[in-house]
Amino acid sequence: MKVLIAEDDRFTREGLVEVLSAEGFDVISAYDGTQAVAMFQLHKPDFVCLDIMMPSQSGYEACRTIRSESPDVPIIFISAKSEEMDRLVGFDVGADDFITKPFSVREVVARVRAVARRCHAAAPNPPAEFRMKDLTILPAELRAKRGEQIIDLSPRDVEILRLLAENPGKALDRNTIFNHAWGEDHFPNSRTLDQHVSQLRKRVEIDPRNPGLICTVHGVGYRYDP
Amino acid sequence: MKRRSIILIALIIIVPLVALTWAMLRISENEHVVVEKRFGELLEDRLQDVNANVTIYFEAAERDLARVTALDNFDVSNLRQVIRTEPRLLQLFVLSSQGQLVYPDPMQSSGPLNGNERMFLIEAAKMFTGQDLKEAIIRSEQVAADASSNVAATNQNQNQNSTATRGVPQQADSSFRLSRSQIDEPTQQEIVQNAYQQAPIQNIKQFQESSGWFVWYWDRGVNLIYWQRRPSGYIVGCALERARWMADLIGQLPDTVSDDKFSSRTVNTRIRMVNESGESVYQWGNFEPLKTDSPFCEVPVAAPLKSWRLQCFVPTSELTAGTGLSAWFSLVAVLSAVATTLSICGFFFLREYARDMREATQQVSFVNQVSHELKTPLTNIRMYAELLERDLDQVDSANTEKPRERLSVILSEGQRLSRLIGNVLTFARQKRKTLQVQARPEEPCKLIHQIVDRFRPAFADQHIDIQLDCSDETPFYLDPDFLEQILGNLISNVEKYATSGGLLNIKSRVQNNLLIIDVSDAGPGIDPKKRDTVFEPFARISNDVSYAAGTGIGLSIARELAQLHGGNLVLLESDQGCLFRATLQNQHK
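Read top to bottom, the protein sequences are chains A and B. First residue of the first sequence: 1, per the numbering used here; consecutive thereafter. First residue of the second sequence: 227, per the numbering used here; consecutive thereafter.
In case anyone wonders, no lab produced these hints; they're calculated from the structure. Mixed in with the good hints, there may be bad ones.
Mimicking DSSO-like on lysine-lysine, the simulated pairs with C-alpha atoms at most 27 Å apart in a straight line are [stated by the list, open to error]:
no., chain 1, residue 1, chain 2, residue 2
1, B, 672, B, 733
2, A, 81, B, 733
3, A, 145, B, 672
Construct the entire structure; sequences and hints are all you get.
Structure below.
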């Protein structure tokens, strides 16, 4: 899933790129409104995060232009402006959500996932769900279900689980999994993958200390035993 | 705020103007009364001047009549001679000291009476005997008329002769007349004699002084009698010819045209002398009053005409001339001057007020702007601290303990700074009255856990035990920002002021569509005297520099937010520390 971030503050922009990339999103960024519109037209991202106060063209204007070209693309405003009027104008020009600064990383991730999930669910050909033992993974909703329990997942979590589910009983090495989930552009880092799997296990495994879905294959990588 | 200032200015200008107008109208009213009173006094003086003329006339008449009636020879021919020579006299009369009418003698012991004498006896009967002979005479007249037309014709001739001899004009206003011929009837003579025989002179006590005037009414007219007691004890009196004395009296009064000393003054008046029946006898002055006009002032005419009155009529325009147009002009002039002065003062006041308001708005706007500007660096600090925390997760945990502690300080301080900025912005919004609830379905318990979790590292460092009791997972429509700010401020207060208690207790429940959150601590509590003021903005428990820092707006904002959310924030009685209860109403419609 491709995400466009438009933010004039360099550090905020880079931070957001890193956070969303870590979630498995394919992130592109723009430093003002005009560039954001140009990049939107060029890359056709699935998702847009806009700051309001930006040089050359405000977030509101950019949002209006993007909305006129693509009525369905999810747009989130991330801004220091938190007045009632700012929010109302934001929703009026077509925003789906409004995140005010200062935000926590978890909040941004949760909000982005929620909006992405809503949009994916409404998509004409949502990706098919698949099962791993008692866990049902719903890629369209970025969620997994175990009975009544609902587990939030990032696109990267879904990709890792999908690869394992599609190769039951097969030991997959770290590079294969990394390239599948992070992409060829990322430099493989076994520590990053292990850390990610560790966090994922805490959410999807019944007992993370004795994993039943994502088993470790020492010296190689991971394996799913159905 | 604009409406308030307009009302204020209006009050500043209108209230003094109304008060001044009222005062001036009252003064003008009083002045009117005073002028009217003075005017009345002036006119009364004029009437008294007229009366002085009347008095002068009667005093002169009195002197003359005293001389004329200084008679001691009561021979009938002598008395008749006096009457003939004195045209002012209608008739003389003589009373003995016992009240016996000596002349004209009703018994006719010294010869027959002439017509005037007979008529006087009939007319004066009421005065002397108390009997009105008019009715009896009319009846006898009818009998006589029926008896013989021949006799009546003879009587008529006699009447004409008698009138010509007397040369006295008939009374114009008399509706009832006695003819001399009728008096000549023996029946009438008997009536007169009987009357005077049966009743002695009743009014003798009227004549006890040495001299004086006597007023006697006959035939709808006043008749004057002057009398004096002679040394012999006899009372000699005379009835005056009415037309004559009235003509003489009027001769003493100003002319009907306006060249007299009264009407030549600037004031137009009408002075009228009216008789006892209220009929005008004489009047003068330029002003023509309407029939319905009542006199401005009136006084009784001097003695002996006390039953008559002098009336003065004045046009109403004369009364208001002094206080009329010029008074209104001065009133309007003064009011205009005051209104202008007040308006100028009001304008300057409003300008100053508007400038103060503008400056205050600019200050709020500046704080608002600065707070917004602070948000971006704060976002970066918090975000990069969180990213750094993630990075530390990926390296060997043995070497990251110290950096993690330092990061947790950065994160908790970042959160604190966020709260402070949030408070400042909320306060500014509260001042601008732009705070509004943005409710959405939330799980209150989950939110409370998230909020409390942010404080856990700081509380752990200060060894404060957190007890959280909430289990309700029912969706509740609320504004999460409101809840975060209210609860954040309450917990932050415990962190600042109640660390000594080592305890934070939070209990939450949903009851009757209300989310009730109790936040209590085991700290020093709040002085009972200051319990009422803790929710006021900038109210702080102590301004001592050694006391914990704070802006003094946290509780004020928390209460405002709770109230906007349909609930409240109160400080409850507790055995130890503070117990705050926040209530939020479910916004689901």
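Going down the list of hints, with the structure as the test:
1. 672/B x 733/B: Holds, at roughly 13 Å.
2. 81/A x 733/B: violated (33 Å)
3. 145/A x 672/B: holds (20 Å)
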